[in-house]
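**Student:** Protein sequence lines, in the order shown, are assigned to chains A and B. In terms of numbering that gives the first Met the number 0, the first sequence has 119 at position 120, counting the first letter as 1, and numbering is strictly consecutive. In terms of numbering that gives the first Met the number 0, the second sequence has 241 at position 242, counting the first letter as 1, and numbering is strictly consecutive.
Calculated directly from the structure, the hints in this document are not laboratory data. Hints are supplied without guarantee of correctness; some may be wrong.
Taking lysine to any residue pairs in the SDA-like style, the calculated list, with each CA pair at most 20 angstroms apart, reads [unchecked claim]:
1. A:Lys16 with B:Arg35
2. B:Lys33 with A:Asp48
3. B:Lys149 with A:Leu42
4. B:Lys49 with A:Thr81
5. B:Lys198 with A:Leu15
6. B:Lys49 with A:Ala96
7. B:Lys49 with A:Glu88
8. A:Lys73 with B:Glu196
9. B:Lys21 with B:Leu86
10. B:Lys33 with A:Arg13
11. B:Lys106 with B:Val129
12. A:Lys16 with B:Val129
13. B:Lys198 with A:Arg13
14. B:Lys62 with B:Leu278
15. B:Lys149 with A:Leu120
16. B:Lys198 with A:Gly34
17. B:Lys49 with A:Leu15
18. B:Lys198 with A:Val25
19. B:Lys149 with A:Ile82
20. B:Lys149 with A:Gln113
21. A:Lys16 with B:Ala36
22. B:Lys49 with A:Asn77
23. B:Lys198 with A:Arg112
24. B:Lys107 with B:Lys157
25. A:Lys60 with A:Glu88
26. A:Lys73 with B:Arg197
27. A:Lys16 with B:Lys49
28. B:Lys149 with A:Ser116
29. B:Lys49 with A:Gly14
30. A:Lys16 with B:Glu39
31. B:Lys49 with B:Lys33
32. A:Lys16 with B:Glu47
33. B:Lys126 with B:Glu105
34. B:Lys149 with A:Asp48
Partial list, derived from the structure: chain A residues whose beta carbon lies under 8 angstroms from chain B [unchecked claim]:
35. Thr11
36. Phe17
37. Gly67
38. Ile75
39. Phe79
Built from N, CA and C at the ideal position, the CB exists for glycine as well.
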Amino acid sequence: MADKKITLNITTPRGLKFVEKADMVVMRCIDGDLGVLYGHAPLSAILGDGILRIINNGNVKKLALFGGVAEIGKNIVNIFSTIAQRPEEIDLERAEADRQELEALFQEKIEERQIQSSLILLRRTLVRIEVSMDLEEIEYFEEESEKREF
Amino acid sequence: MSSMRDIKQRIENVRSVEQIIKAMDMVASTKLVKIRAQLEGVRPIYRELKRVAEEVGGLEGAKEHPFYKEREVKNSLYIVFTSDRGLAGSYNANITAKALEHMNQEKKEKIITVGSKGYEFFKRKGKNIVQSVVDVIDSQVYYGSESLAKWLVDYYMKGEADEVFIAYTHFMSVLNYVPVVVKLLPLPTKDTVSDDERKYEPDLESYIDHMIPLYLHMKLFRAFSESHTSEQAARMVNMDAAGKNASEIIEDLTHLYNRKRQTAITQELNEIVGSVNILNKGGLDDS
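In isolation and in its complexed conformation, chain A is listed as follows (with noise of 0.2 angstroms):
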């Protein structure tokens, strides 16, 4: 059991950032969530706007994560991403703060095309809020309400 785990590996544009073993690796994908277990079939996938679940031993890790292309092997999972944010990186207040200027605009007129720039932003500000109010519960593995704004 003990070796058959996952090897995750985060490479952003400031090197390679997090390297971990997992039993579980969760991603969001363009089209929808992806588990990876231990042996999963070669597979590369484009990643969406979401959060990554580390799982190991019972304890979730949470990651903010924004785009990028992941590679599937047999016991090891790449992830190439423009941004990769552990909660204790996010600035919450700042997260905050952008959410309410970011809901305020929608409740004013907008142009159209400016609609689809501030949505993927706000998107992004609520992965970020999510995966930081995880910092304190970090410890235990729940099962949580799937609960998505978008």
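Knowing the structure of chain A, use the given hints to seat chain B on it.
**Tutor:** For chain B alone, coordinates are given in the frame of chain A:
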């Protein structure tokens, strides 16, 4: 023969130039450390994405994709990375010469210049510059290359250019950097089929559609970083040499000044001694 005052003036001039040189040297070396860290960071993801892009290029389904398909070449687009400021020795001359040499192979070129030095050079040569990017702040390089990559994909898809090259300076070490011209698009296809079992999510075409812009972004960002690092290294080395030259000139001039001063003193002494001798003999009237 210049007078003592002239020499003194020159020493002052050289000294103030030396101060500027030293300041630039220091700025360049601080920037070099920073930009080098950025470069070291981007290299791994670039290398991995390059490998992925090449692997995908070996697949049957990818060969017809617009990013991989070779087209009949009517226009070639060049992206040339130069610096905004001079005082970097032969850094800018090397890269522009290399790019020019490549263009002269009977290419109908369109040029995007990054950095004002490249813009000036190609304008003087009367080349077709479609866009020029100048004065990019260091912190904006990342987003700048992202928007450049987006623009590039649009431009390429519209058929405005049928092949794309980037010319940048590859950073090997502080003393060694080589200008290179690399083909960016279309991407290379391999004849040998690689890793056929691999599946692509959601499908190969959308995978390529999403992966390649990321790859191009990283490639441009890396080229930017490579060039920037080389520029700072070149500036540092050149300023170091210039600083040494300035110190040498100051030393030489100081010697010259001291010699002149000595000569003047000797002459004055001679005059005094001469007059005293004459006076002791009882004045000029006696002779």
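**Student:** Indicate, hint by hint, whether the structure satisfies it.
**Tutor:** Now the hints, each set against the structure:
Under the criterion of a C-alpha separation no larger than 20 angstroms, the hint pairing Lys16 (chain A) with Arg35 (chain B) is consistent with the structure, at around 17 angstroms. For the given pair, Lys33 (chain B) sits about 29 angstroms from Asp48 (chain A) by alpha-carbon distance, which is inconsistent with the 20 angstroms threshold. Restraint check for Lys149 (chain B) and Leu42 (chain A): not satisfied, since their Cα atoms lie roughly 26 angstroms apart, outside the 20 angstroms limit. A hinted pair counts as satisfied when its Cα atoms are at most 20 angstroms apart, and Lys49 (chain B) with Thr81 (chain A) qualifies at roughly 15 angstroms.
Only pairs whose Cα atoms come within 20 angstroms are accepted, and Lys198 (chain B) paired with Leu15 (chain A) is rejected, the gap being roughly 25 angstroms. Only pairs whose Cα atoms come within 20 angstroms are accepted, and Lys49 (chain B) paired with Ala96 (chain A) is rejected, the gap being roughly 38 angstroms. Between the alpha carbons of Lys49 (chain B) and Glu88 (chain A) the distance comes to roughly 29 angstroms, so the proposed pair goes past 20 angstroms and is violated. Restraint check for Lys73 (chain A) and Glu196 (chain B): the C-alpha separation of about 12 angstroms stays at or below 20 angstroms, so the hint holds.
Between the alpha carbons of Lys21 (chain B) and Leu86 (chain B) the distance comes to roughly 12 angstroms, so the proposed pair stays at or under 20 angstroms and holds. Distance hint between Lys33 (chain B) and Arg13 (chain A) is fulfilled; the C-alpha atoms sit about 12 angstroms from each other, no more than 20 angstroms. Using a Cα cut-off of 20 angstroms, the hinted pair Lys106 (chain B) and Val129 (chain B) holds, with the two alpha carbons roughly 15 angstroms apart. The hinted pair formed by Lys16 (chain A) and Val129 (chain B) fails the criterion: a straight-line CA distance of about 38 angstroms is larger than 20 angstroms.
Taking the CA atoms of Lys198 (chain B) and Arg13 (chain A), the gap is near 28 angstroms; set against the 20 angstroms cutoff, the hint is violated. Between Lys62 (chain B) and Leu278 (chain B), the direct Cα distance comes to roughly 107 angstroms. Violation of the 20 angstroms bound is thereby established for this hinted pair. Distance restraint check for Lys149 (chain B) and Leu120 (chain A): the Cα-Cα separation of roughly 18 angstroms lies within the 20 angstroms cut-off, and the hinted pair is therefore satisfied. A hinted pair counts as satisfied when its Cα atoms are at most 20 angstroms apart, and Lys198 (chain B) with Gly34 (chain A) qualifies at roughly 15 angstroms.
Of the supplied pair hints, the one linking Lys49 (chain B) and Leu15 (chain A) holds, its CA atoms being roughly 16 angstroms apart against a limit of 20 angstroms. For the proposed pair Lys198 (chain B) and Val25 (chain A), the alpha carbon gap of about 18 angstroms is at most 20 angstroms, so the pair holds. Distance check on the hinted pair: Lys149 (chain B) and Ile82 (chain A) sit about 18 angstroms apart at the alpha-carbon level, within 20 angstroms; holds. The suggested pairing of Lys149 (chain B) with Gln113 (chain A) holds, with an alpha-carbon distance near 17 angstroms, which does not exceed 20 angstroms.
Of the supplied pair hints, the one linking Lys16 (chain A) and Ala36 (chain B) holds, its CA atoms being roughly 14 angstroms apart against a limit of 20 angstroms. For a cut-off of 20 angstroms, the pair hint linking Lys49 (chain B) to Asn77 (chain A) stands: about 14 angstroms separates their Cα positions. As the CA atoms of Lys198 (chain B) and Arg112 (chain A) are separated by approximately 34 angstroms, the hinted pair breaks the 20 angstroms bound. Of the pairs offered as hints, the one joining Lys107 (chain B) and Lys157 (chain B) holds, with about 17 angstroms between alpha carbons and a cut-off of 20 angstroms not exceeded.
With a C-alpha separation of about 14 angstroms, the suggested pair Lys60 (chain A) and Glu88 (chain A) falls inside the 20 angstroms cut-off, and the hint holds. With a C-alpha separation of about 11 angstroms, the suggested pair Lys73 (chain A) and Arg197 (chain B) falls inside the 20 angstroms cut-off, and the hint holds. About 18 angstroms separates the Cα atoms of Lys16 (chain A) and Lys49 (chain B), which keeps this hinted pair within 20 angstroms; it holds. Distance check on the hinted pair: Lys149 (chain B) and Ser116 (chain A) sit about 15 angstroms apart at the alpha-carbon level, within 20 angstroms; holds.
Of the pairs offered as hints, the one joining Lys49 (chain B) and Gly14 (chain A) holds, with about 15 angstroms between alpha carbons and a cut-off of 20 angstroms not exceeded. Restraint check: the Cα-Cα separation between Lys16 (chain A) and Glu39 (chain B) comes to about 12 angstroms, which is no more than 20 angstroms; the hinted pair holds. At roughly 25 angstroms between alpha-carbon atoms, Lys49 (chain B) and Lys33 (chain B) are farther apart than 20 angstroms, so this suggested pair is violated. Between the alpha carbons of Lys16 (chain A) and Glu47 (chain B) the distance comes to roughly 14 angstroms, so the proposed pair stays at or under 20 angstroms and holds.
With a CA separation close to 13 angstroms, the supplied pair Lys126 (chain B) and Glu105 (chain B) stays within the 20 angstroms bound. Taken as a hint, the Lys149 (chain B) and Asp48 (chain A) pair is honoured in the structure, with Cα atoms around 19 angstroms apart against an allowance of 20 angstroms. Look at Thr11 (chain A): its Cβ gets to within about 6 angstroms of chain B, closer than 8 angstroms, so that hint holds up. The closest approach between the C-beta of Phe17 (chain A) and any C-beta of chain B is roughly 12 angstroms, which is over the 8 angstroms cut-off, so the hint fails.
At its closest, the beta carbon of Gly67 (chain A) sits 7 angstroms from a beta carbon of chain B; the interface hint therefore holds under the 8 angstroms criterion. Taken as an interface hint, Ile75 (chain A) does not check out: its beta carbon lies about 12 angstroms from the nearest beta carbon of chain B, beyond 8 angstroms. Nearest Cβ of chain B to the Cβ of Phe79 (chain A): about 5 angstroms, under the 8 angstroms cut. The hint holds.
Checked against the numbered hints above, the structure breaks hints 2, 3, 5, 6, 7, 12, 13, 14, 23, 31, 36 and 38 and satisfies the rest.
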